[in-house]
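4 protein chains.
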Amino acid sequence: MRKLRVGILGATGAVGQHMVIALQRHPWFEITEVAASDRSVGFAYAERVAWRMSEPIPEPVGRLRIKECAPPLECDFVLAALSAELAKNVEYEFAAAGCPVVSNSSYYRMHERVPLVIPEINADHLRILPHQQKAESFGRGFIVTNPNCTTIGLCLPLAPLHRRFGLEKVFITSMQAISGAGYTGLHALDIFDNVLPHIDGEEPKVVDEPKKILGKLHGDAWVHEEFAVSAQCNRVPVEDGHTICVSVGLRNKPSLEEVKAAMREFRGLPQEVSLPTAPAYPVIVSDENNRPQPRLDLRAGGGMTCVVGRLRPCEILDYKFVTLSHNLIRGAAGAALLNAELLYQQGYLR
Amino acid sequence: MRKLRVGILGATGAVGQHMVIALQRHPWFEITEVAASDRSVGFAYAERVAWRMSEPIPEPVGRLRIKECAPPLECDFVLAALSAELAKNVEYEFAAAGCPVVSNSSYYRMHERVPLVIPEINADHLRILPHQQKAESFGRGFIVTNPNCTTIGLCLPLAPLHRRFGLEKVFITSMQAISGAGYTGLHALDIFDNVLPHIDGEEPKVVDEPKKILGKLHGDAWVHEEFAVSAQCNRVPVEDGHTICVSVGLRNKPSLEEVKAAMREFRGLPQEVSLPTAPAYPVIVSDENNRPQPRLDLRAGGGMTCVVGRLRPCEILDYKFVTLSHNLIRGAAGAALLNAELLYQQGYLR
Amino acid sequence: MRKLRVGILGATGAVGQHMVIALQRHPWFEITEVAASDRSVGFAYAERVAWRMSEPIPEPVGRLRIKECAPPLECDFVLAALSAELAKNVEYEFAAAGCPVVSNSSYYRMHERVPLVIPEINADHLRILPHQQKAESFGRGFIVTNPNCTTIGLCLPLAPLHRRFGLEKVFITSMQAISGAGYTGLHALDIFDNVLPHIDGEEPKVVDEPKKILGKLHGDAWVHEEFAVSAQCNRVPVEDGHTICVSVGLRNKPSLEEVKAAMREFRGLPQEVSLPTAPAYPVIVSDENNRPQPRLDLRAGGGMTCVVGRLRPCEILDYKFVTLSHNLIRGAAGAALLNAELLYQQGYLR
Amino acid sequence: MRKLRVGILGATGAVGQHMVIALQRHPWFEITEVAASDRSVGFAYAERVAWRMSEPIPEPVGRLRIKECAPPLECDFVLAALSAELAKNVEYEFAAAGCPVVSNSSYYRMHERVPLVIPEINADHLRILPHQQKAESFGRGFIVTNPNCTTIGLCLPLAPLHRRFGLEKVFITSMQAISGAGYTGLHALDIFDNVLPHIDGEEPKVVDEPKKILGKLHGDAWVHEEFAVSAQCNRVPVEDGHTICVSVGLRNKPSLEEVKAAMREFRGLPQEVSLPTAPAYPVIVSDENNRPQPRLDLRAGGGMTCVVGRLRPCEILDYKFVTLSHNLIRGAAGAALLNAELLYQQGYLR
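Chains as they are written, first to last, in my numbering: chain A, 191 to 540; chain B, 191 to 540; chain C, 191 to 540; chain D, 191 to 540.
Keep in mind the hints are simulated off the structure, nothing from the lab.
Any given hint might turn out to be false.
Since copy identity is lost for identical chains, a pair holds within one copy or between any two.
Stated by the list, open to error - List time: in silico DSSO-like cross-link candidates among lysine-lysine, alpha-carbon distance up to 27 Å:
(1) 401 to 324
(2) 278 to 406
(3) 324 to 443
(4) 359 to 278
(5) 406 to 395
(6) 450 to 359
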């Protein structure tokens, strides 16, 4: 079988590096292009990347010449890990040039013709793509996005509750890792021995994105779900792993055991069709009272499983719990890659 | 003026050390006794304490011989910083021996004849003391307690809201400092680069204590306030300072400006009568969007002021905000000392 | 091929857990016994271990019942990760019972009939074993040890210098990781935002052990190398990885390029015979001026390679450099395992 | 007594903020001007400074308008906390305009007519100033510098050893705090859970500066001391406080007790004439085996005392020890201020 050729946009950044690692030995895809900012163009990837992964740079990727973030690239689709500002034009140009864009960037997430996909939850939202291609005259190009890192870790345990019991209200307080700000996003003394009670632009994403993801696509129009979300997002001095304290109000009034069962039984298309990056369980529920912990649970399912703990009744809403996910794997590089695998399996990538 | 003589129970621990520092150069009180666990008895304080404060041990205290935690001690009252288990018997014995106990320990906080006091909020709860003295035959002894460190940082901004607008519901998620666990409470690898989603016994305290503090004392009977509290308590890798994300539902529906004004205008008896340890403002409200921060705000009011920030409407309840307080000063040593000053000013200590 | 059966002594500790991970999918060995302290005996390993590895417990090991640390165990040899005090009797009893002991413990390292082995450096020291077995009447049992974690990271780059140029003097200052103290070895507030300028018992080990390792075995008598070592050992707030600043005085006066080449060309028996746990390179020399770093270099060679950087002339001795090694892999679990592989390859284990 | 008016150059930076705090309630000096980079000019200090000190901004300083870093300023002298690049021209311009410059910057430290002063050690080097003023036609202006933060913490314990026993060789390995890089000097992920084995430009300073400081001024010519220094400088994840491991070779061969006594008895002019910022003891020697520690010892002498510990014989040179000093106080803001006090006491400032 010929492997599909992948170009990575933003290949030198934190998420781009995780994409490079996730794609080595991938059964369906292989990296043929790496693109980054202008000052790196023309150099070998290994020469210019400030490599921070514990595994070494895969040699064939290290030898690739860095290209500009502009079409055409020698590849069948691109994985994009760009800033929102860059994504606006660059992703559009690739799609317009007929190149599918599987994006981790935030710019197009809430666009009315762009699906915002977590494959376990709303794989069917890909049905918008023909409409998008037609409306934008993209030819075989398109743009598919994955949610914000905090949104993903939140939606995975919420989705089975919503399906079975109906979400009405969601309170969240996040404790987010340093790496979520990018390698140069925080000065050391900003976060050393400190908590930052604000993350620029984060709370609106966490409030809005779940309503689209858990919503429905009727023809070419979305019906966003209508539940209330209140979010307080904080940065804490932890390297990787976003921990979120969640309280939920549910339409039906399930027992604690029913809630736990819903999360534990949750599977999606990636599990059914065994996508290469899919974890066996999207959500694990721990019965221990001091879990999840970044130190102990971050690598569950290869970084693709959310670990939930402390599930218990809430004095105000119905139930509360703590959920942890790997912000750079399930929340970024792995999210985009799982979307690409879904697109391939569904025939959108060829 | 003769200074009142103070004995410190648990003088070698983290809170005890903060008490020692807070009492140097105190206008009303002076330390005459330090008591600690058996293996230190008989040694000079300076010889046995594992001193961790940035200022040196005050010399007169350093020379004191450590006594057993048992009456009688040569003092007019004791400040107690004992574990709950020890406090049960030790504090009772001191009170029964006629020695007033101003306690930071948790054992007697919810006892029906023991006041749980934050002087800015419920100084009038001291009126239970004659009943306590009579019922327990304490003579001139008594027990007064201060709340849990997280409860205090929560109640200071809640009290003015409750008075003006009526609290109905309170959601909190705390991010608590390492020092709150005591110097030996956590192994390094338990909290280094980690978040712990559970603190033993903490959530029930944060749920129950505010209802007593904000409640009313009618004669010798309490009427606890009836509002719902849902708490999720976490430990984060920060040395000092508990940060709490709070959402409140209020009976009246004030504007944002009214909420802010209520907090800013909040003063209590300690401010009115200028108790030595009272800060000028119990609560400061910052208008910047990335405050409070432990690094920047922990020492406000000498560690006795709560700093509130990010006050804004809540999508589910009415308003939400973030509050920070110094867990070892306002939340422990300073809390007990302020109670002692209140007791002195009110004539309960002589 | 039948795999040799391994028992792990101290299987629940930090080093024991690394041994369990290192042995999953091992081509020659398989774990058949796990032994730990009395209070765990009889329980399944998965029930009692406070598992802290990022990978899950290998299932077959998780199901093993924990045994006492006493012979006989159902195994062909034991890997021992015990405290020095325990090791004294326990390791001796196993050897006396005819069971080979491959030990990471410090008790027998400097014993005159016990080899202290880094397989790349002094594999030939195993020739003492027949003498040991005879003198102690051990039958087919024996004790082989590996050095202290800091010693190993120091000796790997020193060995090729010593062979080619003759070591005369070695200055070292170490910056050692928290995990080297064991999971319960440090209170959080002892090391958070702190440097500890002393590690109990460490400096004498770093001074003495290299002289035995780089020394010669003549018949059944050691001739320790005679060079001077001055060591200052510090604990810094880093999770894993011991960084050591080294200055060396050499008998011959090589050029900088010759020193670098000596390290880069260094290979030992494990590389020649391709022991399963042997890295391709025992030592890597970086030419960048800000390497090695724990964050970037700790996993080189699967945690079995030392990374050296900043090699340059010294104003007092001849050359200085910085070396980094993984204290729990190359410095402990991997060290013992590589010794076991060497023993097997050399025919001492059957 | 009229207070001298001080201008702070670089007032918004980390060192500048420490200068502001150190000068509140100063008996001789008062801040009348604050100067900083262009984008802040014209704003009130309190509006533009990213204040990071635990104490609040002194109100009169907070109200000052920020000026350009260019003469003339309304002050009797300036304290300069500028980058080396800026210092080159700016400091020269102030001196040329007749305004004394007391500088913490590195640019002029090794200049042949600029004294590099630690008042306890080489107050007599100020005798170069008339030569400087004449050679450069500075009028009453001049430039006086203090050493690099690491140099100061090193020289304070070395000076008494040099005087009594004659320094021949000095080995140092430093473990330097994050704050030494300035507030924006390090990305969080560069130093979180990491050690950096290189600090740009640091080692040459630590090698060269002590030879000038401990050297002699004959007329208008320096004779630098001739001893060998070998330095390895590292950054560790500690907020404040540079810890240095030192080994010394001495011409005379004192006993351990003589070495300890030399450090303990060390006093200088600042102690003799009681300069306001002078600590009672420039160096304290701890006999405990796990001191100094940043957590416990950083505030000794108000941050102006070096704490030495682990003094013991060295296997290669004569003695070794560990020394700790506060890099922003004794190593920067306090160093410059103590120089200003010395200049005032010696009649150079009026």
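- If any of the earlier hints don't hold here, list their numbers in rising order. Numbers 3, 4, in rising order.
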